[in-house]
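Engineer: Chains as they are written, first to last, in the numbering used here: chain A, 1 to 210; chain B, 1001 to 1118; chain C, 2001 to 2348.
Treat each hint with caution, since some may be false.
[As the list claims (entries may be wrong)] Here are the simulated EDC-like cross-link-like pairs (lysine to aspartate or glutamate), alpha carbons at most 20 angstroms apart as the crow flies:
#1 C:Lys2074 / C:Glu2044
#2 B:Lys1055 / C:Asp2313
#3 C:Lys2321 / B:Glu1086
Hints in this document: simulated from the structure, not taken from any laboratory.
The primary structure of each chain is shown beneath.
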Amino acid sequence: MTFLQFAFYFFASVLVFAAAMVVTIRNPVKSALFLVLAFFSAACVWITLQAEFLAIVLVLVYVGAVMVLFLFVVMMLDINIAELRAGFTRYLPVGGVVAVLLVVEIVFVLARTFSPQQFANPPSHAADYSNTRELGELLYTTYVYPFEIAAFILLVAIIAAIALTMRARAPRKRIDPVRQVQTRREDRLRIVKMKSASRTAHRDQQDDAS
Amino acid sequence: MLANYFPILLFIVVGLGVGAVAVSVGKVLAPHKPYDDKLAPYECGFEAFEDSRMKFDVRYYLVAILFIIFDLEIAFLFPWAIVLDEIGAFGFWAMMGFLAVLVVGFIYEWKKGALEWE
Amino acid sequence: MREYFFWLTAWLPHNLQVTMWVLTKIVAILAPLMLCVAYFTFAERKLIGYMQIRVGPNRVGPRGWLQPIADALKLMMKEIIIPSRANRFLFLTAPLLSLGPALAAWAVIPFSDGLVLADIDAGLLYILALTSMGVYGVLVAGWASNSKYAFLGAMRCAAQIVAYEIAMGFALVGVLMVAGSLNLRDIVLGQSGSMLHWYWLPLLPLLVVYFIAGVAETNRAPFDVAEGESEIVAGFHVEYSGMAFAVFFLAEYANMILIAALTVLMFFGGWLPPLEVAPFTWLPPLMWFGVKTSLVAFLFLWFRATFPRYRYDQIMRLGWKVLIPITLLWIVVLGMVKFYTPIGVWFA
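Using the sequences plus the hints, can you model the full thing?
Structural biologist: As structure tokens, this is what we get:
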């Protein structure tokens, strides 16, 4: 077994283990962290396929952004596990039927098309092959239409996120940092030169008081 | 090309190992005398009033979603930046279209106040 | 060097030889790095002291030079207090999640021509991915501590890191447009010529944005509201003590040196001398890299001593409303200059 094969089996088994942990573990934060591990292993498997750009972007976007969102939400919500689990057994028969159907479908599809002849090894590339460059050369020229559609999908995501979550806040006094940092000393402080009270006048006042 | 990734894998393992060794050395060498007052969470000197969960603040969720969008934008910009010579002016204007759409989204966020007070 | 090593260990099977050689190189990078991190803390205390017209630590050892050793020994001996009802496993792995990415990024940093552990084609992308991982240590530490201050500090710190990462990413895109490659060695070699060929000149706004974003990412002053003592009592690592705290500390300073090294590689010519003439070429390239990185790292310390702390909403406003538009604009300007003006060929 070459090192590459060993690496593949190792990362693939970590991936399967982490995925199993995600759905079985009780603590939601630990479950999310196992999902992070699963993404990492998937990225390592992709590197063995020489798809380095995709692997690193998987880590950058999924682990770096999407899982951070998941963790923010899961950490802030006080998820009561016992309550969630209480309704579990009611849906078990329906869930079981759906699961069996899914397994049958997947086996059917894979058994027909999954064979070593159809999934030969990816061609080994030249020494200066750059996954990023290949993607770049295709994405912005041949596939420019899907690329622009992707821009619109992201725009819809922005608008949806804001429309769904922003609540109109009661009008409050708000600070405007731009105006704050533009203040000048002259606006806030005025130094007035005053004549100081003379010594003799002060001493007379003291004598009167005592 | 793949041969270059093996040192990286080893480095990540060694880096985590250094951290693990450091913390283990700390646990071994340090005294371990826990008692209730010492283990209480920090609350400026008195007992904590309530559970340590904060109220769900939707601003963090918004920041995280906007970060995903912009991270994806960066992921698209990276291959574009390095093949700029090959794809020429057509590729440049394709990306300008992409950026224009996302700038519209950014202006929308700005005006709606999603970037405010946090 | 490599041949000598392989001759010395010829009695081992080949795979093991290669592994041992890689491990030797890793130790050769990590050991000086740890020493640098330790003495960087010492340099910080001395320099900030002098800027405040006082002498920094000068008791331990000759003129204070053994201070970091004393600090390390002290932290090793302090008890690691795990707060009640804290998640024990996560509490102890959070420092690793912080330190791992901070160290792993050094695998692709070229210290000189050919002196790099892993010369991968997607070096810059790899570094960006690893700095994105830095947010996990903060989040997990804050949540696992089961303390209000820690959790709030962690959330705010994470939101801050995430906002400034976008600005950093866009600044890196600008560097890529001028350099044409993700490989860090190629980025440095594209700056060869003289000081005027370094990328600080066409990318000046991006240099400023990248450095400011770097200071904000590492939670250094003036952006350290999430861990400033007077604000939120050390924020996400308030419950940490002893070696666990030391690992967070190490991670923060290693990140600072990493950002300084990256700034030098991307904007200041890496290991190249300012001019390819006699007195400058006497210094070996590795020393040039060291000198430049030290100068940029000094800026971190200077900022801390000089600027008052930003308020949290000011930090977020700066990251989202100022730095991102500047970088986007400069990327468009760079593209226009490259294609539609005669000087475009100068840095193509």
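Engineer: Take the hints in turn and mark each one as holding or not.
Structural biologist: Results of checking the hints against the structure:
1. C:Lys2074 / C:Glu2044: 19 angstroms, holds
2. B:Lys1055 / C:Asp2313: The given pair, whose Cα atoms are some 19 angstroms apart, holds under the 20 angstroms limit.
3. C:Lys2321 / B:Glu1086: 33 angstroms, violated
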